[in-house]
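J.: Read off the chains here:
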Amino acid sequence: MRVHPPFLEMKKNNPLPPRRRFSLRAQDARTAWLLLIPSLLVILGVTLWPIIYTFILSFFMAPTGLHQVRTFVGLGNYLAMIKDQTFWETIGRTMYFTVVSVGLEMVGGMAIAQLIHSHPWGWKLLRFSLIIPWAVPTIVNGAMWRWIYNADFGALNGLLMQLGLIKHYVPWLTLPYLAMPLVILADVWHMLPFVALILQAALAGLPLELDEAAAVDGANAFQRFWKIRLPLLHPAILVALVARTVDAFRVFDIVYIITNAGPANKTLTITYLTYLNSFPWGKQGIGAALSFLISIFTISMALIFIRFLYHPEETQ
Amino acid sequence: MRTLYKIALLVMVAIMVVSCGTKPTTPATQQIATAAPATAAPATAAPATAAPVKPVTIHVLTMDQAGLKPAEIDQIVKDFEAQNPDIKVNMEYLGYDYVHDKITTGMAAKPPAYDAAMVDVIWPDEFIKANYLLDVTDRVTPDMKTNMFPASWNGVTRNGKVYGMPWLMDVKYFMYNKDILQKAGISAPPKTWEELVDQAKIIKQKGLAEYPIIWSWNQKEGVVCDFTVLLFGNGGAFLDANGKPAFNNAQGVQVLTWMKQTLDNKLSNPSSVSSDEGAVETDFLAGKSAFAVNWLFQYSDSNDATKSQIVGQAAFAPMPVFAAGAAASIKGSSVDGSSSFAIMATTPYPDQTWKFLTYLSSNAVQIKNSAEMLPVWQNDFQGDAMKTLLAASPTNLVTVPAFQAQFPFANERPTVAYYNEASAALQLAIQEALTGVKTPQAALDEAAATWVTLAAK
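Residue numbers (our numbering), protein chains in the order written: chain A, 14 to 329; chain B, -6 to 450.
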């Protein structure tokens, strides 16, 4: 004979009112959903819907304007871009910007993080001052560097002239081979502190015992960094690397302010090309397709980094 | 639970109501149809003791670069509002480079952000195709049509329909520094571009300017404007009689080659390749250049001691042409940089907006503000009205003759809906040639091919 627990017996004898059809857990879930609906609507409206709309738009020839006829072109916009030489040149240029700027930021950021971690004299001031370039809005940063690079009135020419390193002012931003490195320098100055602060915070959280034990065993500073700290820093490096790579690949504002994609398109990046198609040229379908191609590139890069750098078992 | 559902439902409805906004969205075209009988309705339709009408607010976008400064336009708005208490005007100012994109994004908003906007002479075809602009043909009075410069109407008229109110008549001017020329022993400014090179060499040799000439040749519209000036001054043109690109013919290639040579000879400031019109002004006003090509605003700024180190030294001369152009009877060359104000087709207030635009471009307002921007009214340049114009500002004694000498030679850039993309191709070609990436011929050929492709789409 099956024995029912006492509370089931009670339930049997005192059935719930007919209106109460849901369990407490289900009621809680329903209440939670109701409370979440306003936020979800907002999120749906401002993030998800534009993404879906842009994705749909990418399959149409969609000129800017009111009451415009949109023609379905299937993958036509994507194929047009993939066949376009300018697109691949721009991708190459953007990759160059991304690899060099993120590379410098990671190496420089690690060096500064190590410096702060060793607590030299004035390290707190150094850590505080790191925030300043990062806190400057990108547009302001771009305007500042544009003036620094100005051929006739810029600080860079003034400094080099004072040091006797140049005899004539150099028109930096007119030199096709130098324009992109100069934009990269402005970006590195702006974003290196972000990487340094992430890595410094991660370094501060590492157990000292491992480092000390390795030192007792005779490991030198480089060996301790390479064999102990660096593996333990993998999660923080991954975060900085993914965040910066995705951000750098979408670079737009600093290019817009400093060079306007010139000289001769030598600083034209993929997001800038997207902007040109979407707004000044009124080709929203192409702009939407480019946006999704950018997403594919950035997600691919993020996945590659995660695949090669994310090994949670190593940091246990 | 039902109460909770009701609350959630109310929140959702509230969000939807707020997100829909409160601005009326009746398109101007519909309002014209419905408003006309209302305005023509007899007085009996409205009670004698009607409550004061709540003023309507119109939103107007314009540039903060050439023409009047924001403070001057704000004063005009203030005067207009005092005379028209039923209309409030909300002005928005942006740098020229941002106005086009702001219009397109503003028109995509629901409801559209602007009732009127400044429209550069190169944008009407694109905006008409995009259905942004209201046809105002029937609103233009015979007085406006007759007395404003025909060229100003050409900028906003397509297929016999008028899409805006002329606002700013501007061309590129050739300006020089009198003191530098005097110190160099040069008695008169150049009449040809070849003479300019000779004079620049003298100025450079005497150490009066390291780079005597400054241009706006960065990768923006300014470089196309300067190329237009030079191309037409060499007897060239953008398009041939069949509408095919012609700027890559011998005249165009000669011009681009000449531009590159002035950089290579260090007569043109190498920073020209990264300079826009603002940077040209900064350089010229610092006394670093002897010659500059720029819009009218540079002249009034040159006499502003807070901005200029060359107060009283700037002077106009007719834009030079190439010797070959002069031999072909070309008397002058410049580029049209006019702009107008257009009513957005979606405005619920076309009548109020038109009232404001007619006030903005009215004869009295334009004469009063003529120190920064010469009137679009051609009758102001004739007879007794001319005396009034010259007396309106000391600057006008210089700018009015300069305008009269240069304006008749203003050349138009192509009026096509895909102008922005075509211009971008030409900007790239010019920059590629100037930076030595390609030869002038190869670069212009590539741009011409792009123009053909764009025209075929």
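Quick caveat, the hints were computed from the structure, so don't treat them as lab data.
What you are looking at is a predicted structure, and each value in this text was computed from that prediction instead of being measured.
A couple of the hints might just be wrong.
[Unchecked claim] Once the Cα atoms are required to be at most 16 Å apart in a straight line, the calculated EDC-like pairs of lysine to aspartate or glutamate come out as:
hint, chain 1, residue 1, chain 2, residue 2
1, A, Lys240, A, Asp224
2, A, Lys180, B, Glu203
3, B, Lys95, B, Asp131
4, B, Lys259, A, Asp224
[To be verified] These stretches of chain A come out as covered by chain B in the derived footprint (C-beta under 8 Å, 3 or more residues):
hint, stretch
5, 159 to 168
6, 183 to 197
7, 243 to 257
8, 272 to 278
9, 287 to 293
[What the hints assert, rightly or not] Counterexamples of contact, computed for chain A against chain B with all Cβ distances above 12 Å:
hint, residue
10, Leu79
11, Val113
12, Ala228
13, Asp260
14, Tyr323
Even glycine gets a Cβ: it sits at the ideal position worked out from N, Cα and C.
J.: Each hint should be assessed against the structure and marked as holding or not.
T.: Hint by hint, here is what the structure shows:
1. Lys240(A) <-> Asp224(A): holds (10 Å)
2. Lys180(A) <-> Glu203(B): holds (12 Å)
3. Lys95(B) <-> Asp131(B): violated (28 Å)
4. Lys259(B) <-> Asp224(A): violated (60 Å)
5. 159 to 168: holds (count 4)
6. 183 to 197: holds (count 5)
7. 243 to 257: violated (count 0)
8. 272 to 278: Three-residue rule met by the stretch 272 to 278 of chain A, so holds; n is 7.
9. 287 to 293: It holds, with 3 qualifying residues against the three required.
10. Leu79: The assertion about Leu79(A) is violated, with a minimum of 4 Å to chain B.
11. Val113: holds (21 Å)
12. Ala228: holds (53 Å)
13. Asp260: Consistent with the label, Asp260(A) stays out of reach of chain B, its closest Cβ about 23 Å off (over 12 Å).
14. Tyr323: Nearest chain B Cβ is 39 Å from Tyr323(A), so the label holds.
Consistency note: the structure conflicts with the earlier hints numbered 3, 4, 7, 10.
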